[in-house]
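Assemble the complex: chain U is given as a structure, and chains Z, G, X and E with the ligands must be docked to it using the hints.
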Amino acid sequence: MPDTDVILQTHGLTKAFKGFTAVSDVSLSVRRGSIHALIGPNGAGKTTCFNLLTKFHAPSSGSIHFNGTDITALRPAQIARMGVIRSFQISAVFPQLTVLENVRIALQRRLGTAWHFWRGKRSLSRLDARAMELLDAVGLAGFAHLGTAELAYGRKRALELATTLATDPELMLLDEPTQGMGHEDVETVTALIKRVSAGRTVLMVEHNMSVVSSIVDRITVLQRGAVLAEGTYDEISRNPQVREAYMGTTDEPEDRRAATAAPSAEAS
Amino acid sequence: MELFGVPLPALLSQLLLGLVNGSFYAILSLGLAVIFGLLNVINFAHGALFMLGAVLAWMGLNYLGLSYWLMLVLAPVIAGALGVVLERTMLRHLYRFDHLYGLLLTLGICLLIEGALRSVYGVSGLPYPTPEALSGVSHLGFMVLPNYRAWVVLASLAVCFATWFMIEKTRLGAYLRAGTENPRMVEAFGVNVPLLVTLTYAFGVGLAALAGVLAAPVMQVSPLMGQNLIITVFAVVVIGGMGSILGSIFTGLGLGVFEGITKVYYPEASATVVFVAMVCVLLVRPAGLFGKEK
Amino acid sequence: DANGVKIGVITDMSGSYADLSGKGSVLAAQMAVEEFGGKALGKPVTVLSADHQNKADIASSLARRWFDTDGVDMVIDFPNSSTALAVQEVARQKQKIDIVSTGGAMALTNQNCSPTGFHWAWDTYSVSYPLVRRLIEQGRNSWYYITVDYAFGQSLEADFRKAVDAGGGKNVGSTRHPLNASDFSSPVVAASASKAKVVVLANAGNDMINGVKAAGEFGLIKAGQTVITPSTFITDLKSLGLNAAQGLTYVDPFKLDLDGKSKDFVERYYKRHKAYPTHGQIGVYSGVLHYLKAVEAAKTVEGPAVAEKMRALPVSDAFVRNGKVRADGRMVHDMYLAQAKTPAESKGPWDLVKYIGTIPGDEAFRPLSASECPLVKK
Amino acid sequence: MASGKRATCAYGLLLAALLLAPWLGLYPVLAMKLLCFALFACAFNLLLGYTGLVSFGHAAFFGGAAYACGYAMKFLQLSPELGVLAGTAFGALLGLVFGALAIRRQGIYFAMITLALAQMFYFFCLQTPATGGEDGLQAVPRGDLFGVLPLASDHTMYYIVLLITAAAFLGIMRIVNSPFGQILRAIKENEPRAISLGYDADRFKLLAFVLSSALAGLAGALKTLVLGFATLTDVHWMMSGTVILMTLVGGMGTLSGPLVGALVIVALENKLGDAGNALAAMTGIGWFETLGESVSMVTGLIFVVCVLTFRRGIMGEILARWQGRATPQPAVPAVARAQPGAASPGQG
Amino acid sequence: MNMIASPALELRDLHAWYGESHILHGVDLTVNPGEVVTLLGRNGAGRTTTLRAIMGLVGARKGSVRVHGQETIGMKTHRIAPLGLGYCPEERAIFASLSCEENLLLPPQFACTPGAVGLREPMTLGEIYEMFPNLHERRKSQGTRMSGGEQQMLAVARILRTGASVLLLDEISEGLAPVIVQKLAKMIAMLRNRGYTIVMVEQNFRFAAPLADRFFVMEHGRIVEAFAAADLERKMPTLSALLGV
Ligand SMILES: Nc1ncnc2c1ncn2[C@@H]1O[C@H](COP(=O)(O)OP(=O)(O)OP(=O)(O)O)[C@@H](O)[C@H]1O
Ligand SMILES: Nc1ncnc2c1ncn2[C@@H]1O[C@H](COP(=O)(O)OP(=O)(O)OP(=O)(O)O)[C@@H](O)[C@H]1O
Ligand SMILES: [Mg+2]
Ligand SMILES: [Mg+2]
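Residue numbers (the working numbering), protein chains in the order written: chain U, 134 to 401; chain Z, 355 to 648; chain G, 1053 to 1430; chain X, 57 to 404; chain E, -18 to 226.
Here chain U stands alone, though its shape is the one from the complex:
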């Protein structure tokens, strides 16, 4: 396949923490415009992978290419400015700011005045319209002026998504976007992800197999830090190794539901 189709490519990505290898020799390639999922048992190294891709951790070895350029040496914020924006496994918002301000923080970057310490706050109000649009898209328009700390967990995740969208990322990295949500919310967010993925690429970690099976184009399975398998949902769910390591060895018709219930989403 032509190189331009690959938006993100890693070669031999490895991360060792004091001798413990959390990610080992992962070579990943994410196609432009696709929704790509990273799955695997707890502690498989999914979040660590995200941390490496966004340079929150420095890789022990290996390289990362984004749009053909080597970004292995860049700082996290630089990577973000190139259009790779991540969300966090545990909801990451700015709790003491209002909902609107949360989104505005993300929008502010394009204004180019982030360093202007002499300018008034009012100069930011022209971002409000766009911020409201985004909030509307995730169904939070009614909460715009509420303190973020007061939001319910599911709404915080929605807000996080809106904030991520506000930066207009080319590649979105979502770490368990539906974790901690009720059934209805899961469906809404799944639909939302599907909707916003138009024109972008999404790489997501997800334990919820119904979400994975419904929107994901391609799946990479990690186990003990290494790639175990890669393919479409159907390929993956038939792969005996994956079934042994992750989805379980139960009978065919049950496996989806079992997988849905099995792994706890609770992080450490």
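Since the hints were derived computationally from the structure, they do not count as laboratory data. Values in this document were obtained by computation on a predicted structure and should not be read as measured data. Hints are not guaranteed to be accurate.
What the hints assert, rightly or not - Label-pair ranges, simulated between beta-carbon atoms: (1) Z/634 to G/1407: 46 to 54 Å; (2) X/336 to G/1323: 20 to 28 Å; (3) U/248 to E/118: 55 to 63 Å; (4) G/1349 to X/226: 51 to 59 Å; (5) U/248 to X/339: 51 to 59 Å; (6) E/57 to Z/439: 16 to 24 Å.
Just so it is clear, CB atoms sit at the ideal spot from N, CA and C, and this is done for glycine as well.
Positioned in the frame of chain U, the structure of chains Z, G, X and E with the ligands alone reads:
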């Protein structure tokens, strides 16, 4: 024989003297490291407690006629008891908050202890004689070394090693290390972690007081004696890597020697050399020489 | 003034100089007032006191407020040179009298001299030059310095070096150490290795004390080296203990047993303070007494007029006999070559010093001809 | 601050009071000193309250600038405005150096590194001849502002200082509410998230640090101009401790807290003796007379009491009452004790 | 063991809070000695919190928790375990700075005083290594350098050494390869045969189903369903409604 323009004996003798200083650094930074490790508190009062140890030794001798050797045991115990009180009544209430508050509280305690002793004993200091048994000098060929200073090095090495052994090699030490990582879980195993925390603080404080007694015969016993030492010791702790036991011991001794070398070649810088070393280390290893990254 | 003459003692009550000035200075001022009869110009004399915490800003704002709103006419003591210089500036602006007793900075009567500012007990010149001359005469002609590494120590060492050069002696080396160093073994070992006949501890306070202790520990004096501690107060000897201090040589501005008057003062002072007066403290006494005499003579408390009388009148009291105040504000008086006694020689807890010579005032202080004070070059 | 009207009102009243102060018998030099320290505390609080960084080395900027200003005016014969500018620039420069070294570490590590750096600077000031060592840099002339307006009069000086501090205070308010300030708040609340949105947190913090040190420098330079000297006290670590105390007492992270804190602490340093004497006279207990000699003990006591009982500080408490906020929201403690295991940065 | 004197564990109207948030709203639960029970429920139902509340690891708790008849609600955390409780937390809590063996030796053994109910002869290191040969192999390696499965075994083995008779196991099968899960299942069965009382929290119904004597289902901080293993078949529809199993 000369080395870079300095006669070798002079260099050797300064190195040896540096080691004596390093011993004090090592005990003090060890105490700080132990306290920081388990309580996450930077004990700003450490210098004041060091001074308290020395003053206690003086009080013991002058009011009760207690010998140096007795005070070497008693002073740390008394200071440790004070540590228990401080931890139980004050520090304990701050663990929930930012670590900064521990630093500020102990700074306040430091000012209180120093102020109180100053109003009683003034500042010009109290004389404390070298204990009889250690008063002579040894001729080492390249220098005369007062026996007392040799004793300081030996005693502090012994104390440091014993502490290291206790923390790295014993059951109690395992509780301590586990408690640093996850105190609640250790408690769930049935270990009385709050008590452990109290005792750890008391132990760290006791170490400071012990250093104080060791220092009494060589430094003037005065309420201000800890004030300037402590910030240097902070730098030692930062260089060693905060909370690292072995790091604080080696860095303490090493920096003492390093300072000794500086005194030979460029004495003007001897006050700042520790801080310069700190900056250099931080540039290369932000977590300190023996520290763990985040 | 309606409320009579007010004298303010600005001193260090809680810091490093508290023992050699502090409350003892306040007492000395009160004793001077009592001796003067408690009244000047027919009105009562009051003594105020305050702690400057060794901070120049506190000392100067205190002095300012005292001058401006509390009607204080004169301020005295200042053990710390930065506070002394800061207050001298304020006093100059307000045309009030300031007398520095415990502090020793040369600048006070040199480039920073003031028409209403006086320097009473000692200064760094007076404890170095005369001493060098005496010792070189005795054949102690090679000198080594252990110097605290800031202005005070540096200028002290420089003074000594010049004096040694002038007297035909030899400077064989020096070691610098930081302020409030806890360890003096290295400089002392270096000094011992230098085999110099005289080792000067060009430092003060706790540094000096720790230096002396180390010198004793490493056997300098036993090996025949003369250890000089220029800035020695009697409280330093007390806290060192004679075991460590014995044989120290220095210049003392005050001879405790000069005559009956001095002895009597010391005795009365001891009864009230439980300690002998340092030369800084008795300097406060002497300064206050002289000031009051000048006020009486001038028949006013106006600073310039009083200052003129202070310069005109001779100084004579329990502290000094034949003192005189020079144009630059320096009070010139005899100084004494002193040595710490051995424990065997000492007959009481405060019997610490023996005097081994007298340095006439004119020889003790820097000649006016060398002064940079603008008041002199008229 | 939500209750904007009331706050504006309060600040207006404060300004009016300050404008009239010299005519109401407030001693101008003391008032000026107070303003300088208030500015210093505000500068410190800009860093602490809005980035959560605790610098234990701010004395270096304050004192360094005080020396720089004094040196420029006394030895280079610069005019006051240039002297103050030189001081401010020096503070900023020193801040850049310190910040670049320290900003990579956080919390208590940051505090200790800044402390050690400041101590290094202290020894430098002690040893270099330019500062006059223990004597300090004395008799710095006030000079003529812009070469025309003589500042010798305390009243003229007072209004100039008031003008500058008020402007600086407004500046701080502006910084806090600027687009930059918004990013700072975001970084303080959730640094990994801010980074993931493309903001180089370290650089933002560094700029905040430099701004804070420049303002601390401004305060130090003004102090030299007002009092006419700069001494080692200004660079001693206790000065850093004092400014922390001011902020702590006043209320961290509140705009007005440092003003109140500075007032309390300066008054304490200057008036404790009087207060002690008054108490002694009132109660007849002679012990109170010695209070004036125990400033450092009283300071220590305030530290202990503040930390143990009212961590929000005076203004923090008042504001909390006003706004009826139920949940305490201390400025610094972003988190309680770090949960073990949850420390991986990706999950902040 | 201790005859029917009193239940091994008895919760009455247990409430628990994390800071401001009220998580448990009156949990009632009785576990008899020698029984294996399983707490089921969706994510966030409060099962972990129930176990933590038993150990006194929550912010605040109210109600009654009796261990072998002894009320513990007012006790400090470190006094609870010696009554014979062993808690294996969800996150395993293996200590990074300790080696495998040090981890194993970490929890103090409770003095098996004659009168003490609820305690049993602690397992020796030898017995444990016999049961988990993997641990013996890796006994010198750093705690966190072991694989997830090994860590999980270590976490369970660790509490067996103390002499506790009531084991609280939180999601021990979580994130483990099925092979290891099967091993753990065997281990639980064996412990049951040895007379241990076990409270398991499980998402993995398939793992828990064959092991437990009784099941409890939690929702929103309450027990909403309780039934014995015999009723399992009959209850399946309810369960799938409650859990989506
Ligand atoms: N900062 C760190 N230091 C040491 N080990 C770490 C660190 N961060 C993660 N690990 C370890 O790396 C492994 C992989 O963790 P990671 O968070 O990537 O798992 P995950 O696949 O995201 O799991 P989950 O599904 O539970 O979120 C785990 O064993 C974890 O303990
Ligand atoms: N430390 C905490 N502080 C505040 N809330 C918490 C804390 N721990 C858990 N909670 C909340 O308590 C509720 C119950 O959590 P608990 O961990 O008991 O659930 P669980 O049934 O064990 O689910 P899981 O499958 O996620 O393990 C959840 O809503 C969770 O968000
Ligand atoms: Mg994860
Ligand atoms: Mg759980």
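Q: Just pull the numbers of the violated hints for me, sorted ascending.
A: No numbers; nothing is violated.
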